[in-house]
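2 protein chains.
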Amino acid sequence: MEKCNNGNRPGTLYVVGTGPGSADYMTVVAISALKKSEIIIGYKTYLDLIPEFLLDKEVISSEMMKEVDRCRKALEIANQGKTIALVCGGDPGIYAMAGLVFEMAQKTKSSCTIEIIPGLAAINSCAARLGAPLMHDFAAVSLSDLLTPWALIEKRLEAVAMADFVTAIYNPKSKKRTQQIVRAREIFLKHRSPETVVGIVTAATRENEKITITNLLNLLDSEIGMQSTVIIGNSQTYKWNDIMITPRGYSEKYAI
Amino acid sequence: MEKCNNGNRPGTLYVVGTGPGSADYMTVVAISALKKSEIIIGYKTYLDLIPEFLLDKEVISSEMMKEVDRCRKALEIANQGKTIALVCGGDPGIYAMAGLVFEMAQKTKSSCTIEIIPGLAAINSCAARLGAPLMHDFAAVSLSDLLTPWALIEKRLEAVAMADFVTAIYNPKSKKRTQQIVRAREIFLKHRSPETVVGIVTAATRENEKITITNLLNLLDSEIGMQSTVIIGNSQTYKWNDIMITPRGYSEKYAI
Chain F
1 MEKCNNGNRP GTLYVVGTGP GSADYMTVVA ISALKKSEII IGYKTYLDLI
51 PEFLLDKEVI SSEMMKEVDR CRKALEIANQ GKTIALVCGG DPGIYAMAGL
101 VFEMAQKTKS SCTIEIIPGL AAINSCAARL GAPLMHDFAA VSLSDLLTPW
151 ALIEKRLEAV AMADFVTAIY NPKSKKRTQQ IVRAREIFLK HRSPETVVGI
201 VTAATRENEK ITITNLLNLL DSEIGMQSTV IIGNSQTYKW NDIMITPRGY
251 SEKYAI
Chain D
1001 MEKCNNGNRP GTLYVVGTGP GSADYMTVVA ISALKKSEII IGYKTYLDLI
1051 PEFLLDKEVI SSEMMKEVDR CRKALEIANQ GKTIALVCGG DPGIYAMAGL
1101 VFEMAQKTKS SCTIEIIPGL AAINSCAARL GAPLMHDFAA VSLSDLLTPW
1151 ALIEKRLEAV AMADFVTAIY NPKSKKRTQQ IVRAREIFLK HRSPETVVGI
1201 VTAATRENEK ITITNLLNLL DSEIGMQSTV IIGNSQTYKW NDIMITPRGY
1251 SEKYAI
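So the sequences go chain by chain: F and D. With my numbering applied, the first sequence corresponds to residues 1 to 256, in that order. With my numbering applied, the second sequence corresponds to residues 1001 to 1256, in that order.
Incorrect hints may appear among the rest.
Unchecked claim - Computed cross-link-like contacts, BS3-like style, restricted to lysine-lysine with a CA-CA straight-line distance of at most 25 Å:
#	chain 1	residue 1	chain 2	residue 2
1	F	K73	D	K1239
2	D	K1175	D	K1210
3	D	K1107	D	K1155
4	F	K155	D	K1190
5	D	K1109	F	K239
6	D	K1190	D	K1155
7	D	K1190	F	K35
8	F	K155	F	K176
9	F	K109	D	K1239
10	D	K1155	F	K190
Read the hints as simulated data drawn from the structure, not as lab findings.
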């Protein structure tokens, strides 16, 4: 605490979204928050993508530290009067750390200022790489049943498949979870044509980026992994060249 | 075409998302695309938010030009060999211009390169301002029935209300469309408690920003306008201080 010149006055915790990959996909506000922070804490994978912002900073890089511990540590430091940035890939506000930070702040009676700095989530970056799949109503469903009962996930898949939502599937598959995407596809096939266009984006904007446009019938033939997001088109979505397009009008009111 | 030194070789159209407001919420990639462009075209309201990027550029500011005409113009210019940026508020890939650009490129047999540069959409920026409402599965539904039959919109609202999705309502209300939000609330009340937390964000990050956290019961008492996004929590969402939090676990597996 030697450089802490405001005694016990609580500090600030910025929860910063770095977007899909390199710092080029961060916003100006996010970059500014990192620059203002004395300490940067985050999962090593994400910190490694933004080395230019770690110079001259105290860096707490957690390879194995659990998310809960990372949040607790970040709040502790901010409560002591420091300015600290908790770095998250994507958008901290979409399936990510923002909620955990507030839940823990509430439970630990934290007094620091907390600011959520949004970033590009997988839906933003993957949609851009695929073309224009999210031009109409859409849903995001995570297939991870670690914290959500599988029955509820199935209910949600049924609901959005039936109501013709474009659907972004988060956490489609991991080494251990291989059957959830099989079941999700079955559910969609009850309501949509096997020809329904499906886009798969792995590691958007990164060196190992892979983009596949396929359909429901052949979905399982494509490589899907931990870094993949799957976007299932609605009944109007079509493929043109290597682009996935969901037209925004269902009617003909909109003459091009 | 006097400065066009590549003859008839097709140019590039960047479709650039500027996020919720000022240039501070743009990504580095988006700023770079504007700097590389000889010509900037966009709706006046959005261009007025980023004056620093219009200096020394040819600017085509369309107050009244329809979106279709704006896209056609942008493609024409890019096809002539120029580098042009079509500026969109929010994320061009979410309910915005990306789809129209590709649809028109297809119909006009355009040969230019088209690159979608994602930006922060309303769901990203509004979620950040409300706290952490999108920590679990969510849906986005537009209440505008200009291009979508109202029956389909109702079907979608029913589906996501029933399946306990956090739901972001786009285009909740305009001067002429005042009853759609009334009906949407009725549908949600069939499936969720009147106490369900609802956040309303108007003009996120702009000077006239307004943030309200209310509930389904009182939703219609709050001001909702053309620049508002309404986020309806799921059955687990709660309010703490002035923060809207959707916990990410439905189970107790996740001890904090």
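Structure-based check of all given hints:
Taking the CA atoms of K73/F and K1239/D, the gap is near 24 Å; set against the 25 Å cutoff, the hint holds. Distance hint between K1175/D and K1210/D is fulfilled; the C-alpha atoms sit about 18 Å from each other, no more than 25 Å. Under the criterion of a C-alpha separation no larger than 25 Å, the hint pairing K1107/D with K1155/D is inconsistent with the structure, at around 31 Å. Proximity of K155/F to K1190/D is assessed by CA-CA distance (about 17 Å); at most 25 Å being required, the pair is judged to hold.
Taken as a hint, the K1109/D and K239/F pair is honoured in the structure, with Cα atoms around 15 Å apart against an allowance of 25 Å. With a C-alpha separation of about 13 Å, the suggested pair K1190/D and K1155/D falls inside the 25 Å cut-off, and the hint holds. Straight-line distance between C-alpha atoms of K1190/D and K35/F comes to about 48 Å, which puts the hinted pair past the 25 Å bound. With a C-alpha separation of about 22 Å, the suggested pairing of K155/F with K176/F holds against the 25 Å cut-off.
Simply put, K109/F and K1239/D have alpha-carbon atoms about 15 Å apart, close enough for the 25 Å limit, and the pair holds. Under the criterion of a C-alpha separation no larger than 25 Å, the hint pairing K1155/D with K190/F is consistent with the structure, at around 17 Å.
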